[in-house]
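Trainee: Residue strings, one per chain:
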Amino acid sequence: MNDAFLPDVARLVNVSDETPDTKTFTLRFRDLKNGGDFHFLPGQFLELSVFGYGEAPFCIASSPTRPQTLETTVRRTGQLTDALHRLGNGEEVGIRGPFGNGFDVEVARGKDLLFVAGGIGLPPLRSLIWNVLDERSRFGKVTILYGARTPTDLVYKRELEEWGKRSDVELHVTVDAAQPGWTGKVGVVPSLFKKVTLHPESTLAYVCGPPIMIRIAVQDLLALGFKEEAVISTLERMMQCGIGKCNHCAIGHRYVCRDGPVFNYGQIRELVE
Amino acid sequence: MAFAIEKRAITKWLQMLLESGEVIAPVRGPCGDILFSTIHSPEQVAWNFQNPLPPPKQFVLPQTDPLVTIKRNGERYEVAPTYDDTRRILFNVRSCDAKGIAFLTRMYEMEPADASYLRRANNLTIISLACNIPCPLGFCVCTGSGPFLSDSYDVQLTDLGESYLVEVGSEKGEAVVSGVPNLFRPATEDEVSQRKRLETEAKNHFEQETCHFASAMRRISTGRVQDALWEKMSDWCLECGGCNMVCPTCYCFSVKDLGRDGTWIRCRMWDSCQYAAFTLEASGHNPRAHRKERMKRRFFHKVSAQYYQRDAMVGCVGCGRCIKVCLGATNMPAVVGAIRKGKWNE
Amino acid sequence: MTAVPTTCPFCSCGCGFYLLTSNGQLVGVAPSETHPVSSGKLCARGWSAHEAALWGERVRQPLRRRNGKPESVSWDEALDHIAGRLKALIGAGKPVGVLGSPRATNEENYLAGKLARAGLQTNNVDFSYHSICGPLFAGLEEVWGEHTPTASLCDIASSQAILLLEGNLAETHPRAASSVIKAVENGAHLVTIGFRSTQMARRSSLHLQTTPGNEREVINGVLAAILDQQSEDPTRVAARGEGYEALWQDVRSVKRTDELRQAAEWIARAERATFLLACSDGQGDQPREVAAAFATLAAITGHLDRPGSGLLPLLARSNVRGACDMGVIPERLPGYDPLDDERARQRLQNLWGKKLPLDRGWGAENLLQSVSGLIVVADDPPSVVPMGRRAMDAMAGIEFLVVLDAFVTPTVRIAHAVLPIASFAETEGTLTNMEGRVQKLRTATNPPGEARMGWRVLAELCARFDIGNSYTSATDVLCEIAQAAPRYAGIEQRLSEDGWGGALLEDFDSAKFVVRPAGATRGAALASAGRPHVLVRDVAFDWGRDPLVSFSPTLSRDYQSERKLFPNGFVEMCKGDADALNLGGGRHVRLASVHGDAVVPIRVRADLKPGVLSVPYAFRDQVASVLGTDSVTAVNVEPP
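Heads up: the protein sequence lines correspond to chains A, B and C, in order.
In terms of this note's numbering, the first sequence has 188 at position 177, counting the first letter as 1, and numbering is strictly consecutive.
In terms of this note's numbering, the second sequence has 356 at position 333, counting the first letter as 1, and numbering is strictly consecutive.
In terms of this note's numbering, the third sequence has 178 at position 169, counting the first letter as 1, and numbering is strictly consecutive.
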């Protein structure tokens with residue numbers, strides 16, 4: 012019988028600043044070797060315990076193709092995330108999971124992939140992006156459209172540079188408002204659609220970010236001819252158990268922690284609030 | 024194969040049960056309420072009463088339920104699950120409550136399963152007493168959870184006057200009637216047909232106006248309940264959460280760490296989907312900020328076809344407790360009736 | 010699992026339930042069908058009543074502040090230290106005082122008052138909520154000579170007419186709201202009076218809309234309409250009281266409307282009518298006058314002493330009535346007798362064996378600003394007194410502040426000495442609800458650490474001030490209360506005879522009453538061309554800061570989130586007003602009154618009328634410059 016509420020203990024092996032209020036934490040299980048037995052799919056999430064403060068769900072931002080590096084990117088928004096941000100290397104946290112359905116990587120093979128992300132919406136997609144890039148030949152064209160409020164708010168700045176330099180990735184980055192020194196594009200993320208050539212019939216689109224951005228991006232994609240099943244997003248809700256029991260994340264009879272957090276737009280439209 | 028036991032032998036049976044584990048039965052307390060309590064002697068069991076207002080779900084799903092202990096040991100944290108392996112016998116519960124626990128078990132068995140709950144449920148033996156005379160507020164006949172059960176019990180007793188018919192529904196039930204050959208004997212044909220007759224009579228006790236789930240289920244499942252109706256009904260709700268607390272099939276909870284200074288116990292605690300902050304996110308966004316939305320959610324969970332198909336039973340056992348406990352006027356039959364008629368009687 | 014019957018510690022409805030414990034630890038709550046008030050029901054607060062004691066930050070050890078840091082000390086050291094410091098202050102001629110609490114038990118409040126008057130020889134004794142509930146009681150006293158209700162909660166559900174002067178009954182007193190709903194379901198005519206379109210107002214047959222500040226106009230209107238009817242049909246006059254004729258004159262010029270006539274008709278025609286009165290805020294005499302006029306309505310329609318009818322004051326906190334009866338009020342002695350009542354003074358002096366001081370004492374807000382030594386029992390004054398944050402500043406200036414509490418409140422954090430007492434779940438004692446029902450608290454579990462029952466701690470403090478006592482239990486204290494407060498005579502016996510351990514205090518002889526109109530019949534219009542809006546301080550109790558809520562994970566969620574999202578508070582206005590202001594992206598406004606101005610965030614509330622802005626009691630500090638010492642003021646509202 013599985014003690015579903017029992018966390019595994021993990022240690023922070025790296026903490027890096029992404030933005031003034033966002034950090035990426037690299038985790039290693041204390042009692043599992045190199046994360047060896049921890050299998051997960053991109054798009055799944057963890058319930059992370061900051062001992063003494065509680066537990067909260069965070070998406071896995073690293074790819075299963077790199078099991079030694081289990082990462083999550085967290086913005087500081089309240090007591091628990093504040094406490095997490097104050098932890099340093101070697102300190103211990105609790106991990107339960109992985110939870111959720113994750114992205115269906117198999118169905119993406121051979122297709123063109125479009126990633127559309129805004130702000131803190133990039134971390135959940137990053138797990139899939141690296142999965143794809145680590146098995147690059149098995150997928151079609153890869154296009155990444157990413158934006159944030161300001162250049163400071165862009166996450167994974169170093170990786171964005173790396174992706175931008177790759178010849179097998181088309182990357183466009185934009186900001187809502189420029190800052191001194193910014194030479195890139197200015198405008199909302201959906202404005203990037205006109206910069207790329209898309210083939211909706213052979214492309215899967217993954218959209219993640221603030222609700223408004225998702226809404227506009229999805230609208231635009233459907234208008235461009237994407238089918239509802241080909242537009243994929245992740246939903247966020249208040250969660251407690253992560254195992255589909257506490258009912259906090261229930262939307263109709265679907266549970267974001269179990270039937271999601273990954274849903275395609277057709278499924279999202281069917282959800283009964 | 025049905026057995027029978029003389030009423031005067033019940034005391035002996037209870038004494039045996041008391042030796043085998045914790046026995047929980049309805050007990051009349053000093054203030055006059057009947058509550059499910061741990062008993063220490065057979066005399067404590069109350070027999071003639073309406074169903075206790077608090078259901079017995081506290082014994083498989085405590086209102087504050089320790090799940091995991093967390094201890095800080097210098098730089099290290101040690102975590103361990105808490106175990107409740109107590110063997111319990113729930114004695115003299117009603118059909119609706121036996122069904123209610125069966126429902127909860129189904130919820131917690133669903134993958135991923137919850138070992139903490141299942142440990143208690145697997146160690147719980149349910150001895151229920153069918154209702155010859157249904158309670159005035161109950162509508163179990165509409166939810167397939169009474170007045171007599173055909174499943175979901177370990178042992179079902181039927182009061183035949185001088186004796187009880189004893190139906191064994193599981194291995195656990197087998198275990199509590201075996202080993203005491205002097206107390207139980209095979210039931211006679213008369214007794215078996217008396218039991219069948221009593222069931223028919225009990226069903227006939229229910230009045231015309233019961234709780235018709237079918238049409239309400241259709242409308243709820245297809246989103247055909249007017250928003251204005253939810254709005255109207257929600258204005259007769261006082262958001263006490265009582266319906267969730269006393270409902271045998273409600274199981275919403277929150278998880279919180281209790282403790283300080285390096286030792287914590289992670290606890291599950293009962294919660295209510297009717298509370299405004301139930302879906303409140305850290306960002307401040309609340310997808311169900313309005314009471315009508317929360318009420319709609321509650322009845323979708325209880326009465327929709329989508330859940331019915333998933334759970335193979337409706338999320339209500341017709342015990343009528345929500346009628347007693349509601350501070351407002353929005354109990355199950357009232358809401359289901361309003362949805363059927365398309366309007367709220369004012 | 011053990012079930013211990015006890016009384017709800019939250020509001021003044023006084024529901025009963027069982028506290029459930031497992032292995033000595035609180036686990037949950039079970040409802041009671043036999044309890045005379047709750048009858049199987051509970052509100053959200055009741056269902057989570059076990060949480061604060063279990064989850065909250067508790068005071069576990071006696072603490073003494075040394076070099077600015079709190080240190081654990083032994084009970085003896087703490088008590089000796091406290092007695093020593095207070096005696097030194099008294100010896101130096103410095104003023105000292107004691108604050109009781111509307112969430113403390115009768116025994117705790119009684120001993121707090123005894124400590125103050127007999128021990129410290131001062132009448133500087135009050136409780137933080139008194140300035141808000143005092144005027145209501147004063148109004149009732151004006152009319153029928155007592156501060157007591159004349160109806161019970163169970164009368165509401167069987168009423169044919171209900172007149173409700175409220176803030177938001179569904180939130181403040183859900184149990185009472187439940188009875189109102191029942192009555193309405195059974196065809197009762199509900200008439201609500203208020204400036205909000207609350208849930209009860211929506212259930213009403215008639216909502217008499219007020220603007221903050223003009224409640225008494227509306228009540229006078231109902232009075233006038235009733236008097237009209239009574240003059241048209243003398244058989245209708247149910248009861249006359251002293252001043253009836255003069256009342257006629259007072260309301261002669263009041264405008265009668267069809268609505269008022271309808272309300273009067275329903276009330277007069279009802280066999281059983283209940284009058285529900287919330288504590289109102291307001292300048293000067295207004296709250297008292299409103300209460301007196303409301304009580305007059307009940308009296309002249311003959312509903313005072315008719316079975317099933319009467320007036321019920323809606324008090325915010327579980328033991329407001331008890332605190333008043335125990336005399337933790339500067340000008341009242343135990344029994345609610347006036348300070349200078351010779352018979353009362355004699356009674357207490359005989360009982361306590363001490364002469365009582367005669368000089369009037371300070372009320373709570375003055376106390377906080379003026380004393381050098383203060384004992385606070387189970388309260389966090391800045392969250393309750395109107396002066397808000399300034400109370401915290403004032404307390405910081407007190408030379409020696411002692412706090413007795415179960416929970417770590419902001420007041421505990423700044424105290425010089427802290428004594429840990431048991432919470433409601435761990436103590437023995439009684440509470441008196443708004444009906445005048447005295448009910449028991451029973452011990453469900455042990456208090457944490459070295460915390461002790463509050464009555465015991467106060468008894469020990471009394472002993473150190475030469476007030477000998479031989480209390481061995483809370484019951485012993487109650488027996489003494491029965492001698493100190495005549496209305497409580499025999500209460501111990503009556504409680505022990507009741508399964509639940511509750512007893513209603515005796516009703517008074519209501520045959521005689523005095524009628525009172527609600528002050529000047531034409532209140533000066535607050536709003537003007539230059540200041541077309543009014544800003545009102547919503548006097549509804551700030552549950553978010555009460556430790557029984559703030560330490561309950563389930564109950565505190567909404568409040569915590571609200572205070573996180575709005576760290577600078579907010580004012581509420583209707584959508585129309587918000588739209589008309591063209592605020593663009595920002596959601597702040599500048600409010601300007603005759604007192605001053607402030608920039609505050611706004612929030613839209615659907616239940617407010619245009620022109621009315623409301624500030625939740627919790628955020629009164631944010632608009633202190635605008636309100637001044639008023640509770641409602643005219644303002645100009647514009648983008649910041």
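To be clear, the hints were calculated from the coordinates, so they are not data collected in a lab.
Mixed in with the good hints, there may be bad ones.
Stated by the list, open to error - Straight-line distance between alpha carbons at most 27 angstroms, and here's what the computed BS3-like set of lysine-lysine pairs gives:
| id | chain 1 | residue 1 | chain 2 | residue 2 |
| --- | --- | --- | --- | --- |
| 1 | A | K152 | A | K206 |
| 2 | A | K196 | A | K168 |
| 3 | B | K255 | C | K584 |
| 4 | A | K122 | A | K238 |
| 5 | B | K255 | C | K618 |
| 6 | C | K191 | B | K347 |
| 7 | B | K315 | C | K573 |
| 8 | B | K226 | B | K30 |
| 9 | C | K103 | C | K363 |
| 10 | A | K196 | A | K176 |
| 11 | B | K366 | C | K191 |
| 12 | B | K315 | C | K191 |
| 13 | B | K279 | C | K573 |
| 14 | C | K96 | B | K315 |
| 15 | B | K195 | B | K30 |
| 16 | B | K364 | C | K573 |
| 17 | B | K347 | B | K226 |
| 18 | C | K191 | B | K255 |
| 19 | A | K238 | A | K176 |
| 20 | B | K195 | B | K219 |
| 21 | C | K618 | B | K315 |
These numbers come from a predicted model, not from an experiment.
Trainee: Determine for every hint whether it applies to the structure shown.
Mentor: Do the hints match the structure? See the list:
no.	hint	result
1	A:K152 x A:K206	holds, 15 angstroms
2	A:K196 x A:K168	holds, 15 angstroms
3	B:K255 x C:K584	holds, 21 angstroms
4	A:K122 x A:K238	holds, 14 angstroms
5	B:K255 x C:K618	holds, 21 angstroms
6	C:K191 x B:K347	holds, 13 angstroms
7	B:K315 x C:K573	holds, 25 angstroms
8	B:K226 x B:K30	holds, 24 angstroms
9	C:K103 x C:K363	holds, 21 angstroms
10	A:K196 x A:K176	holds, 17 angstroms
11	B:K366 x C:K191	holds, 19 angstroms
12	B:K315 x C:K191	holds, 20 angstroms
13	B:K279 x C:K573	holds, 19 angstroms
14	C:K96 x B:K315	violated, 59 angstroms
15	B:K195 x B:K30	holds, 22 angstroms
16	B:K364 x C:K573	violated, 43 angstroms
17	B:K347 x B:K226	holds, 22 angstroms
18	C:K191 x B:K255	holds, 16 angstroms
19	A:K238 x A:K176	violated, 31 angstroms
20	B:K195 x B:K219	holds, 24 angstroms
21	C:K618 x B:K315	holds, 22 angstroms
In summary, the numbered hints that this structure violates are 14, 16 and 19.
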